[in-house]
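Novice: We have chain A; now place chain B onto it with these hints.
Number of protein chains: 2
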Amino acid sequence: MSEVYAARRTRLRERCQASGSAAALISRPANVRYLAGAAPQDSVLLIGKSEDLLVCVGPPGDRPAEGRPDEALRTHILPGAGGDPAVAAADLAAGQGGDSLAVEEHHLTVARHRAMRSVVPRLRLTDLGGAVEQLRVVKDEEEISCLRIGAEIADQALGELLESILVGRTERHLALELERRLVDHGADGPAFPTAVATGPNSGRRAHRPTDRRVEEGDFLSVCLGATYRGYRCEIGRTFVIGTSPADWQIDLYDLVFAAQRAGREMLAPGAAYRDVDRAARQVLDSAGYAEGLPSLTGHGVGLEIDEDPQLAPAAMGKLDACVPVTVEPGVHLPGRGGVRIDDTLVVRPEADGGPELLTITTKELLAL
Amino acid sequence: MSEVYAARRTRLRERCQASGSAAALISRPANVRYLAGAAPQDSVLLIGKSEDLLVCVGPPGDRPAEGRPDEALRTHILPGAGGDPAVAAADLAAGQGGDSLAVEEHHLTVARHRAMRSVVPRLRLTDLGGAVEQLRVVKDEEEISCLRIGAEIADQALGELLESILVGRTERHLALELERRLVDHGADGPAFPTAVATGPNSGRRAHRPTDRRVEEGDFLSVCLGATYRGYRCEIGRTFVIGTSPADWQIDLYDLVFAAQRAGREMLAPGAAYRDVDRAARQVLDSAGYAEGLPSLTGHGVGLEIDEDPQLAPAAMGKLDACVPVTVEPGVHLPGRGGVRIDDTLVVRPEADGGPELLTITTKELLAL
Numbered sequence: 001m002s003e004v005y006a007a008r009r010t011r012l013r014e015r016c017q018a019s020g021s022a023a024a025l026i027s028r029p030a031n032v033r034y035l036a037g038a039a040p041q042d043s044v045l046l047i048g049k050s051e052d053l054l055v056c057v058g059p060p061g062d063r064p065a066e067g068r069p070d071e072a073l074r075t076h077i078l079p080g081a082g083g084d085p086a087v088a089a090a091d092l093a094a095g096q097g098g099d100s101l102a103v104e105e106h107h108l109t110v111a112r113h114r115a116m117r118s119v120v121p122r123l124r125l126t127d128l129g130g131a132v133e134q135l136r137v138v139k140d141e142e143e144i145s146c147l148r149i150g151a152e153i154a155d156q157a158l159g160e161l162l163e164s165i166l167v168g169r170t171e172r173h174l175a176l177e178l179e180r181r182l183v184d185h186g187a188d189g190p191a192f193p194t195a196v197a198t199g200p201n202s203g204r205r206a207h208r209p210t211d212r213r214v215e216e217g218d219f220l221s222v223c224l225g226a227t228y229r230g231y232r233c234e235i236g237r238t239f240v241i242g243t244s245p246a247d248w249q250i251d252l253y254d255l256v257f258a259a260q261r262a263g264r265e266m267l268a269p270g271a272a273y274r275d276v277d278r279a280a281r282q283v284l285d286s287a288g289y290a291e292g293l294p295s296l297t298g299h300g301v302g303l304e305i306d307e308d309p310q311l312a313p314a315a316m317g318k319l320d321a322c323v324p325v326t327v328e329p330g331v332h333l334p335g336r337g338g339v340r341i342d343d344t345l346v347v348r349p350e351a352d353g354g355p356e357l358l359t360i361t362t363k364e365l366l367a368l
Numbered sequence: 369m370s371e372v373y374a375a376r377r378t379r380l381r382e383r384c385q386a387s388g389s390a391a392a393l394i395s396r397p398a399n400v401r402y403l404a405g406a407a408p409q410d411s412v413l414l415i416g417k418s419e420d421l422l423v424c425v426g427p428p429g430d431r432p433a434e435g436r437p438d439e440a441l442r443t444h445i446l447p448g449a450g451g452d453p454a455v456a457a458a459d460l461a462a463g464q465g466g467d468s469l470a471v472e473e474h475h476l477t478v479a480r481h482r483a484m485r486s487v488v489p490r491l492r493l494t495d496l497g498g499a500v501e502q503l504r505v506v507k508d509e510e511e512i513s514c515l516r517i518g519a520e521i522a523d524q525a526l527g528e529l530l531e532s533i534l535v536g537r538t539e540r541h542l543a544l545e546l547e548r549r550l551v552d553h554g555a556d557g558p559a560f561p562t563a564v565a566t567g568p569n570s571g572r573r574a575h576r577p578t579d580r581r582v583e584e585g586d587f588l589s590v591c592l593g594a595t596y597r598g599y600r601c602e603i604g605r606t607f608v609i610g611t612s613p614a615d616w617q618i619d620l621y622d623l624v625f626a627a628q629r630a631g632r633e634m635l636a637p638g639a640a641y642r643d644v645d646r647a648a649r650q651v652l653d654s655a656g657y658a659e660g661l662p663s664l665t666g667h668g669v670g671l672e673i674d675e676d677p678q679l680a681p682a683a684m685g686k687l688d689a690c691v692p693v694t695v696e697p698g699v700h701l702p703g704r705g706g707v708r709i710d711d712t713l714v715v716r717p718e719a720d721g722g723p724e725l726l727t728i729t730t731k732e733l734l735a736l
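Keeping their order, the protein sequence lines are chains A and B.
Each residue of the first sequence is one higher than the one before, starting from 1 at the first, in my numbering.
Each residue of the second sequence is one higher than the one before, starting from 369 at the first, in my numbering.
In isolation and in its complexed conformation, chain A is listed as follows:
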């Protein structure tokens, strides 16, 4: 794996040099992990003029962290407690003879930026912007394989839940049960707080489970994901509780299903982000649900559950092959409930069979 991290750092270094910076300071944890194999708590990564250094406040083994640091990368441990690794890294960058350092201005706080400037005033701090996030968008097959395993785990956990008795159990308990099953099947943990929404709560995005109990006739919407070796996937399904769904439930389900399928069918290398969003959104729009739709209908996944690209009306850019995204339109009717259907897919060219569906649980409307 060490070569993978070294290659990623080389790509970043080339981008920095092209924009005039000899060195970069990476502080956002998911970016540190992407380039260094692990992000021990409070660590930062210096992409240095002469050498890259993982700068930590203590021995990496003593700090909680997912992953293992790349062994080819030297670690610099701050002497004494209470120091700021970003300040130390700025000092090290200057010591390597650099005169400028690109920083992640969208992550670094004003206070840390000021402390760096005051300790190394002759170092010019520039903005790296989202350069690492951009590198992270297209995944290699190793990363996709982690996402695929995570999706299998989520499918298994969801499948087992569907076989159990649901009526009378609370949203909170169902969510905990799903999270336990994710870990049973080998996940590092849930990819994000599991959302279980019943009755009037169903269909809400990122609903926090309550003590409401599942009742006959409810919609039940569930959104969960597994983290596997740091990679996070997402699946969302909506079910109906009882033997026969009401007409409005069938109609709403069919509509959201059609929207989700329209979004999925747009996934191809070269498709504009906003066109994928529009394909899903206009199905809901034209049925009169323009109001109250969420601001996006999908997003990238990887080391974070919500990363670039955003599939949203104002998003700029086009999909590439090997970009994993969610497609997750939903409708929530206040007081009544709603439907969300959410898959994780990998964009693949037509010649390779088109988009690869990672989350394979059925999207038929099941009555449980």
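Quick caveat, the hints were computed from the structure, so don't treat them as lab data.
Don't be surprised by glycine CBs; every beta carbon is placed ideally from N, CA and C.
It is possible that part of the hints are untrue.
Stated by the list, open to error - Where chain A lies over chain B, by a calculated footprint (3+ residues, C-beta under 8 angstroms):
#1 469 to 476
#2 534 to 544
Unchecked claim - Pulled a few chain B residues facing chain A out of the computed Cβ check, cut under 10 angstroms:
#3 551
#4 561
#5 574
Specialist: Just chain B now, kept in the frame of chain A:
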């Protein structure tokens, strides 16, 4: 409750005015919650010259958030998606006729700060520093009552675990089981990721549970906490698995227990943070464990699990009455394991009976 939030905002406003700012922008979520009752995702709070406003990217009910916003507080919802509520709040502050705005430079990113400056260039941005964190240090009895209930819940969850069979179960499963029991007993959720550490992992601070199984003869150290109405407490205990602990286990346990008691006994209004730390630390130091001790032996708890004050060698300041803190020294011997003992207590004057112990599970060395 509304008067409580209004009174907190008034205290903050007075502090701001004393330091020359007519308005303040609160962006750190726990601070927003403290002053506004809830922190809907991506919201910020403007403590304005003429009116306070909770600035949100969408209707607060649509955003996942713990707590409920103070109903006496007006909400400003951004028109359209993709806006930054901090930028909007700066604009609103200028609209109220302010010429300066104090911001949380330790939380606000460089990019957001720059965006605020470019949208409202005539508004002078100053640093609020940790003013809200300082207000949060001393708790009222309502807050302490939430911590007390959370501690009872954690004690119950831990007590039930001790009655079950432990040998052969993995750290990961025991941690999940504890988290389920926390929710069973009425917690909003765990206060932080539950740490279960066995054998050579035992005694490590913030250990992430692995697939290691509990074995006869192991130390088992557990650290968990409940969130109750937003307030987070912490308890840590170490047990031995099997009928008779080894001599080294008894010796190490007695030592850490003595250190923890020494720290607890120092808790009183007026005691310097560093003296509490030193009391616990020197017991371990003088037994030859100076190397590898954690950088702190305790910390404040409240809306966050790790807040001011820090009980650490270089900490400045003194305890007040009604400050809840942890006392949690520990020793970890690489390859062998170790002991941590962790309580949450509230500082109380001698006349009120001295420190109030919230986490009452026994600290005898139990053999399970």
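Novice: If a hint holds in the structure, say so; if it does not, say that too.
Specialist: Now the hints, each set against the structure:
Using a Cβ-Cβ cut-off of 8 angstroms, 5 residues of the stretch 469 to 476 of chain B lie near chain A, which meets the minimum of three, so the contact claim holds. For the stretch 534 to 544 of chain B, the stated coverage by chain A is satisfied: 3 residues place a CB nearer than 8 angstroms to a CB of that chain, which reaches the threshold of 3. Hint on residue 551 (chain B) holds. Least Cβ distance to chain A is approximately 6 angstroms, under the 10 angstroms limit. At about 8 angstroms, the closest approach between the beta carbon of residue 561 (chain B) and any beta carbon in chain A falls short of 10 angstroms, and the interface hint on this residue holds.
At about 5 angstroms, the closest approach between the beta carbon of residue 574 (chain B) and any beta carbon in chain A falls short of 10 angstroms, and the interface hint on this residue holds.
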